[in-house]
Structure formats: structure tokens, C-alpha cells
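For chain A, the structure is supplied; the task is to place chain B on it using the hints.
2 protein chains.
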Amino acid sequence: MIPTGDDLKIISVDVKDIRFPTSLGAHGSDAMHTDPDYSCVYVTLETLRGVNGNGLTFTLGRGTDVVRLSVMSMKHLLEGRNAGEIFRNFSQTWRSLTSESQLRWIGPEKGVTHLAVAAIVNALWDLWAKLEGVPLWRLLTNMDPELLVSTIDFRYISDVLTPREAIEMLKNAQEGKQERIEELLERGYPAYTTQVGWMGYSDGKIRELCTKYMDMGFRAFKLKVGRDISSDVKRCELVRKEIGYENTLMIDANQIWDVNEAIEWVKKLAHFKPLFIEEPTSPDDVLGHAAIARALRPLGIGVATGEMCCNRVLFKQFLQAGAMQYCQIDSARIGGVNEILSVYLMAKKFNVPVIPHAGGVGLCEMVQHLQMWEYTSLCKSQKMIEFVDQQHDQFVHPARVIDAKYTAPTDPGYSTELTAEAIENYEYPSGKEWQRMFQEGIFQEIKY
Amino acid sequence: MIPTGDDLKIISVDVKDIRFPTSLGAHGSDAMHTDPDYSCVYVTLETLRGVNGNGLTFTLGRGTDVVRLSVMSMKHLLEGRNAGEIFRNFSQTWRSLTSESQLRWIGPEKGVTHLAVAAIVNALWDLWAKLEGVPLWRLLTNMDPELLVSTIDFRYISDVLTPREAIEMLKNAQEGKQERIEELLERGYPAYTTQVGWMGYSDGKIRELCTKYMDMGFRAFKLKVGRDISSDVKRCELVRKEIGYENTLMIDANQIWDVNEAIEWVKKLAHFKPLFIEEPTSPDDVLGHAAIARALRPLGIGVATGEMCCNRVLFKQFLQAGAMQYCQIDSARIGGVNEILSVYLMAKKFNVPVIPHAGGVGLCEMVQHLQMWEYTSLCKSQKMIEFVDQQHDQFVHPARVIDAKYTAPTDPGYSTELTAEAIENYEYPSGKEWQRMFQEGIFQEIKY
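Read top to bottom, the protein sequences are chains A and B.
Heads up: the first sequence begins at 873 in my numbering, then just goes up one per residue.
Heads up: the second sequence begins at 873 in my numbering, then just goes up one per residue.
Next up, chain A with everything else stripped away, as it sits in the complex:
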């Protein structure tokens, strides 16, 4: 379960700035992020054995270089170390990354530095799974509860979850695990799509996409809201007309409102019966979300958040305060798999379903592993995983959604390896495609 050998020495940590020009098509646009160029910081850990780990964190274009430099500033914590020894005391290495005595001041455990930790830690998990020759979800599912829990740093969450409780919860979920694994391999895991309702899309395009995704078997749809109320009403009407009331509608404001504004606004959309309102206000406002949740509960609308929740301490409080009815973990914002596992365990304790944030670059690829582990090994029930059909071709092992279900990955690793072509074309600013676009005046190169 824990690989050993002197040849597991990490001999280099390579970090790349990869950007895709998605702003050209308004893909991914919402009330706050009007022109994203879906990007990532891409980490490759090279071992003597020749097996490499790849990890990434998702970004929106500008600022990817800042996160890249943050990864560089942590390289010295990994280079020369033995990967097997890291896995044996993973929570210690995790803490050495998040609590480095000088670097923690510019975090701690949030924003740029935590995105950097996510990319590094995700690469370590990809490496571990590859060394074992299994997909990450199988690695996690095969682990003894004690080993899995040993990877988690319980600092600042022990008032809500102890290692002993976590082990207990995992042991209680062992029964029927093999059947669930087989079922997953056979039938996959349900997806919902955000593809129908980006803010920048026209009515015609929304209608067309609803039909397309309904035909593909999707039964749950998410729509961006928050620009202006009359447009939101029109867009909700449009989507409900296409998908009917027997299917699921979710709405997403991407943090555009203040607390009271959120309550008033969502009340005006309540008759469209959304399952939840996602990110109604600041991702840092636990008490604000709790107030919104209380106000919307009588209307049967839940509050969902998490994609920009900065660490386990915030997740802990959202759960304690009843401020999230749907927990939307992100695979690359908090400190990688180790910290995400702690959030899954806390959510389970509070009986809050986890419905991961995905899309972007590599997020679908990653969260499928996490959610499949949760189903087989912790919760025994299936929920949904967000699906956006973008940037998958850039990966060696892309997420595959068939009949609105994620198929269970079978290739070794965390599905985080980019193709050589993706890197060659989209490394910023030197990639072939970027050079072409600069020359053709489609983009101007960012220089300081």
C-alpha cells in the first residue's frame, strides 16, 4: 500500500503556466467572471524510478504566473525527498507545505499559496496511485481506514472531527463496498451540467444546449444568475420550458449579492423551484450564508457553496452553522486530496451531501475519483457531479461521460496528466498557439 525504494527519490519539481483562450467564446462566463481564460498551474514531480506525478490547480488566466511562482517557492520542501517516506507521514509533509514558517504569513492556507499546495499535493497523490498501478479512487477505496485517516492534518478541526471518529465512520461503511465498486464500474456515476447556461450565452444557444443535453440523458441543469432580475426570470423560464419541472434546476450567482439582496432576489426566482442557490454572497461569509439558508428554507431552496471556500476551517464552520445544504468541494482550491478527505468526513458527520464543483481545467477529471471513493467507502449513496464539456481533450485520460454518467476511471493515477500537445500549444506565453495568437493580434502578450 505504501511504495518503498530508494528510487522513489523526487529528483525534480517542474512547474508550468498553461492557459487556454476560452474567453474567445464566453465559455465559463458568469456574473463575476466575465472573460475567463481557463488555465492551470501544472506540476510534474519526477522520480528516479521514472514514474512521474502530475498535479494541477485551476486558474482563470491572469495570475497563473503568481501561483506558479508560489509553487516554485515550495519546491525546496520536496526536492530530494523520498516519495514513499512522504506517503508514510503524509499529514506531516502536508503541514510542512501549509505551515512553512515564513511562507505561512502570505496565506495561511488560503488564496495563492493554498492553490499552490493543491497542485503539489495533487501531483503527489497522482504519483502514489501510479506507483500502485490503480486509479486514485481505487487507491483510496483500497486503503485501510487508519492509513487513509493518517494522511489528514486535523489541526483546527479537532473540535468537530477526531481521527478516531473518522476511522469509525470509514469502518462503518465497509459493508457492501465490493458490490458498490462493481456497480460503479458497470453503471457509472450521475452527472449534471452547467453547460446550458453560461452568462454570456444567447437565448437561442441556451435552448439548443438544453435540447442537446436532454437528448444526452441529463436530468439536472445549472444556470448562472445575478446580472439583472428580469433577465434571470427570462432565462429561468426559458430553461424550465425546455427541461420541464420533472427535472432538476439549480441556480448560481457566483458571489454577486450582499446578504439581504440575495434573499430578496432568490425569492423572486423561487417559483422556478431551484434545488439550490449556489454562491449567493461572499465565499467567506459563514454567518451570511446561514442567514440566507434560514430565509430560503421555507421556500424549499437550499444554499450551496464551496468552490471558493478557502480551507477546511471555513468548511467546518459552514457545516456547524447550517450555512450550506450542499457542500461543493473543489479538487484544486483547498490543499489537495488530504484536506478534501477531511471535508468529506465532516460533511458526512453533519449529513450534508457533497456535490463537487467541476469544469474548468481538470476538475471533472479529479472530482470523479473523489466522489467515487465517497460512494464506495463513506456514504453508500450517490449524488451528482458537475459536468462541463471543456478542455477534456487536453488530458491523456479525459473524464468520460456517457448517458449523463461519469464512467469509472480505470487508468492508473488521478487523471491529471496533460497531453504533450496541450503543453506544446498552450504553455504561456511560449506555446505555439499563444505565439500564433499574439502574432495575429487576437491576444496581446502580458508583460510587466
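No wet-lab data here; the hints were simulated from the structure.
Worth double-checking, as some hints may not be accurate.
Because identical chains share one entry, a pair is satisfied inside a single copy or across any pair of copies.
Below, a list of computed lysine-lysine pairs in the DSS-like style, where the Cα atoms sit at most 25 Å apart [unchecked claim]:
| hint | residue 1 | residue 2 |
| --- | --- | --- |
| 1 | 1049 | 1077 |
| 2 | 1255 | 1084 |
| 3 | 1319 | 888 |
| 4 | 1049 | 1319 |
| 5 | 1319 | 1304 |
All figures in this text were calculated on a predicted structure; none of them were measured in a lab.
Just chain B now, kept in the frame of chain A:
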């Protein structure tokens, strides 16, 4: 009040990485930050008129380059703009810096990107005060309440504070303002010191420093705790023996504990009668601090935090939840003066005293202005300002503490201008002193 003229165009934004080798003397060491090299990212805004604005954010050494690059990534939002027009719609410029559509993903409003905003925004305020020919505290004190409030972005705090309420609070504090200004100029503002109890100091050094600072007139002292309980008891005993029980003792754990651990630990130090325990746990844990505050209230010990509180949304919740009895704003962690003003106003609304965090690089220089504005223009009562006697000589207009009182600054600006010598010696890695230390093997240059 708002300067005008075409020559207020910002023609360049210069950003420097400045580091001081303070780890050599264990100055600034605490339970979490064992070897800080006090540093800063230093921004110079050059205007056509020849009047420049200087701003900085404090860092601990490694990672200063990451914050510097973050400032670089925002330069395009300022270069070529007219400073007078920025001041006229300051809250809009502030939001353009904190909510840039691609950059906000790697924050938002926290960690590296918010430290970068702080350095930029502090430089803008320094520029404004210099253009008016007054120290910053006088600029703020002279402002109409309407103008002052117009600089604040109320996004995400309007459920607790509206612009109208803020204006009202300021108007209610006008009476006696002139007298308070004169009193300040004559007598200064009380300081307390953290200088006696850094974690790395020996017993002898602590004793010697207590005597020294008592002789200098100090009556309030802060001690680092949290490494081990028996050492803490010994250190508290030592300091109480030197300063007696008629003077004030405060203790500071720098986030070392989990919630329940904090409560148990501080109970064991309660008989030393500390005024407050500072940073008992994660700076993000509002509900955790509230639980600690509830448990310690019967013992007469308050909870203080704020130096790593990442933005106004967190401050809002700490105040709402009764989780801080002392609000320790920092001048360079949240987004500069504009956002800090909103925290002062919210603290006033909740009747929580503000006792700023200082020390580091330039923090004493900055917070004296803020606290003097608060005294004259908002609260009419004096509290304390932290004082640490380090790095002041590096500034053109250093903070001056005489008889344990900060003297009111009279030079134009925000006291944030470094001397040419400081830059020449300590710019990293090219500064003369760094080059000397690399050559002598005292430090190894950080290279990626």
C-alpha cells in the same frame, strides 16, 4: 480636498522586494513563526507632478517575491490613470483591484493578492496625503464624513453597516475634535510593547527588557506563549514579577492551538490575569474564537485577533459572533486604508475596541495614523497601539515613541517611505548587505 490636475497621471508603478535579516537575532519569533526575516513589498507610484506615493505590505522573508509578482499583475489597473480621479471614485478603483475578473479567482480578497492590494492602496493614500501636504491622520480627520465614507466598498458588509450609518457615526463624533487634535499633538497616544517576550528570548533577556521598558514608561506588555505550558507558566511568572499586577499583561499564541486545547491551556494561565489571549487558534475560525471567548469570559480574559484576519467579511463575522473582544486591525493585510476604515466603523458599531497590530516593517509607522484618526474622529477615547522597536531607522519618517507614547506624525504622507540606504542595502537579492551576507556564507541566496 481632492487634488486635481493632468500632472497627477501615474506614470510608473515600481515594486521592490525588501528583506531584513532579523532571523539572525530571533527578533519576532513566536510559536508559529520561528525564524522570520522581516520583509516588505514596497510600491512606489510615480506621478508626472513629481510627487510620489509609497506603500508597503509586511512579509516574513520567503514568499515576498510572490507578493511582488502579484502587485506586478495589477500594475495595468493603475498605470496611466489620474490619481485625482482615483480619489474621487476611490471605492470603484478599490473594487477594480480586488475584483479583477481573472485575478479574483486566485484570492478573492485574501492572502497574496490582498497583501498586494494593501501595498498598492497604501501607496495611493500616502500620495493623497503628500499632495495635500498633511500626515495621513490629518487628511482623514479633515475629511467630510461623506467623502471619507465614499472611499469604502460596502460589498458584503451592508447587512451590518450601511454608508448612511457610517456617515451618521462620524458626524456624531465631530464635537470636540479640535481639542482632541491638540491634545494628541501635545501628549501623543499610548503604546504597549511586545518587545519583552519573543519566543526565542532567554529568561535573562526577558528580565532585562522588562526593566528597560518599565523605565521607559511602558505599563502594558505582551508575551508570546504556546510552545509548552510549563515554559509559559515560567515566562508569565517572570514577567509578572518584573511588572507587578498593577500593570497590564497580554498573551499571544499566534494560532498554535485547536479550539478545546486553547480553552484548557489559557485556563492554566488565568491566574496571571492576562487582559486577553491573542490568536488562540486559526485566524479563519470565527465560531471557534466565539467558543473560546464564551469559555474565558467568566475568567475575565478577552479574545483578541485580527492581524491575520483576511478581509472585512471575516471581521464582520468576528464582531457579529462576539468572537473578538479586542479588534487587532493590521495596516497591510487587508486591502489598505479603505477597507480598514470599514472595520473601524463596524467595531465602533459593536463597541469593540481597536488595538492595532504593529511591529514588523512599517506597521507602527502606519497604524499610528489610523488610531489617531479614530480617536479624533470616531471614538473619542484612547486605547493602545502595539510598539516594537525594530526597523524604524529604515524609514524617512520613523514612528517616534517617547515616554511610552506615540508622538503624532507631522510630516506629509503615511510615513511609509523607506530611506534610499534601506533600499540599497536590503533589496533582495541584489542589495549590498545581502550580497555581503551571501559572500560570507551567513545566508544562502534563494534560487528556484
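Going down the list of hints, with the structure as the test:
1. 1049 to 1077: Classified as neither; 42 Å inside a copy, 61 Å across copies.
2. 1255 to 1084: within (22 Å within a copy, 65 Å between copies)
3. 1319 to 888: both (17 Å within a copy, 17 Å between copies)
4. 1049 to 1319: Cα proximity of residue 1049 and residue 1319: none, with 53 Å in one copy and 48 Å across.
5. 1319 to 1304: within (18 Å within a copy, 28 Å between copies)
Violated hints for the displayed structure, listed by number in ascending order: 1, 4.
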